[in-house]
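Student: Protein sequence lines correspond, in order, to chains L and Z.
Using my numbering, read the first sequence as starting at 1 and increasing by one per residue.
Using my numbering, read the second sequence as starting at 1 and increasing by one per residue.
Hint data in this document are derived by calculation from the structure and do not stem from the laboratory.
Be a bit skeptical, because a hint or two may be false.
Derived lysine-lysine pairs resembling DSSO-like cross-links, with alpha carbons at most 30 angstroms apart [claimed, not checked]:
{"no.": "1", "chain 1": "Z", "residue 1": "Lys166", "chain 2": "L", "residue 2": "Lys215"}
{"no.": "2", "chain 1": "Z", "residue 1": "Lys40", "chain 2": "Z", "residue 2": "Lys166"}
{"no.": "3", "chain 1": "Z", "residue 1": "Lys40", "chain 2": "Z", "residue 2": "Lys124"}
{"no.": "4", "chain 1": "L", "residue 1": "Lys215", "chain 2": "Z", "residue 2": "Lys40"}
Quick list of the computed label-pair ranges, beta carbon to beta carbon [to be verified]:
{"no.": "5", "chain 1": "Z", "residue 1": "Ile213", "chain 2": "L", "residue 2": "Glu218", "range": "30 to 40 angstroms"}
{"no.": "6", "chain 1": "L", "residue 1": "Glu81", "chain 2": "Z", "residue 2": "Leu4", "range": "41 to 51 angstroms"}
{"no.": "7", "chain 1": "L", "residue 1": "Glu81", "chain 2": "Z", "residue 2": "Gly6", "range": "34 to 44 angstroms"}
All of these numbers come straight from a predicted model, not from anything done at the bench.
Backbone N, C-alpha and C define an ideal beta-carbon position, used for all residues, glycine too.
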Amino acid sequence: MNYQVMIDSLPDLLGGALLTLELVALAAVVGFAVALPVALARLTRRPLLWMPAYGFVFFFRGTPLLVQIFLIYYGFSQFPEIRASALWPILREPYWCALIAFSLNTSAYTAEIMRGAIQAVPRGQIEAAMATGMSRLTRLRRVVLPQAMRIGLPAYSNEVILLVKASSLASTVTLMDLTGTARTIASTNYMPVELLTTAALIYLAINFTLTRVFKGIEYLVSGENRAAVNDPLMQAGLNDPDALHKIAEK
Amino acid sequence: MFDLQGFGPTLLVGAWMTIQVALTAAFFGVLLGLGVALMKLSTSRIARLLGDIYTTVLRGVPILVVILLFYFGAISAVNALADSLGHGDFIDINAFVAGTAALALAFGAYATEVFRGAFQAIPKGQIEAARALGMSRFTAFRRVSLPQVWRLALPGLGNIFLVILKETALVSVIGLEELMRKTEFAVGFTRQPFTFFLFAACLYLAMTIVTMIALQWLERRANRGIAGGAGA
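Assemble the whole structure, with the sequences as input and the hints as a guide.
Tutor: Right under this line is the structure:
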């Protein structure tokens, strides 16, 4: 192992890590937004709604992400109609194609997490909400979703970690994310082991930090852990946004 | 539905290679997971620490990076060894071995947690009863815990297999001629990326469906005679 090479490559690799984080953050936000309607559609009894949602989830969870990226990046170029359309400037860019693939992929997994979480909300609470005269939408907004978020959080944090790892596939469509940068430098200095090891360590650091942050959020939103209402740490956490990080660091 | 222009058989050969990679990785991954789970449950602090490092690293690093690391790492290690032995020619590494080893390691890391949960789910009273009958710790493990672990771990192992089956596509990056690589050849020849990648997607879906059916059958079999089990 040549440690000097590892240290020298660090600035470039951290630059690549920024693109990784950017892709993950955007895909997570878009994926979350797409997942909610898909999850709700999955839960209805109307075939016109749940069947397409089921097909969407089944396709994106049943095929490799690599196939999905290639299908979007290379696949669409097969049709002259698409190449002539207004969408082409977006669909020919590897950045947008990777982002679309990551977003749709994570939305399928997230939709299943949401579905499970929504179904886990105790039936009695929904009945109570109905009894107090809440409309469907109000019930969803004020009773079901807030609790579902809490129930689904541990599974969702796993999904975000998986997304960080999945984002390494951006390198297969020439993007200079963390893996892409490591591969590119390795192809010029012929030191793949050093560069890939450094990249692996950065991925570990990212995922370790994310795990801690999510644990902090779980702690903040879980009623059971907050049983001690007088806990000064919790008081701080509720009033001071920075306390989240302090708790996450613990 | 698909006009494969004569590439059908080639793609099926690739799919067969995909299945071989997935099954080989699963076989070694299960053994690895079982072994590391025992390390994590052991009383030895060093064994527990090693087990923790293994699962943390392998679950925190993208499989693509692990595959590349294995491939290039093995190449430089083997060639350095060959050089020192006075063998000057470049030696290439078998992509099947490097890719499958990386996938088996990843499988093992996830399987470790599944096995650990399964061992912990076995009622303590059973082990105590076995010990009270005079069985040694090892005999109690072999005759009481181990036979039950399979049943408890099967659903979790099945999920890991479904994940690894899809991750085999990444082995195409180091040149193994599995389904994805064969599809890329066909795309390069026919210039019809959408048709062929969609066909590959359908083959992966078909493999997923067959796996799910097989897992259901295995779970039913494993739960024979268990009250409340799926086979009851």
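Student: Tell me, in ascending order, the numbers of any earlier hints that this structure violates.
Tutor: When the structure is compared with the hints, numbers 6 and 7 turn out to be violated.
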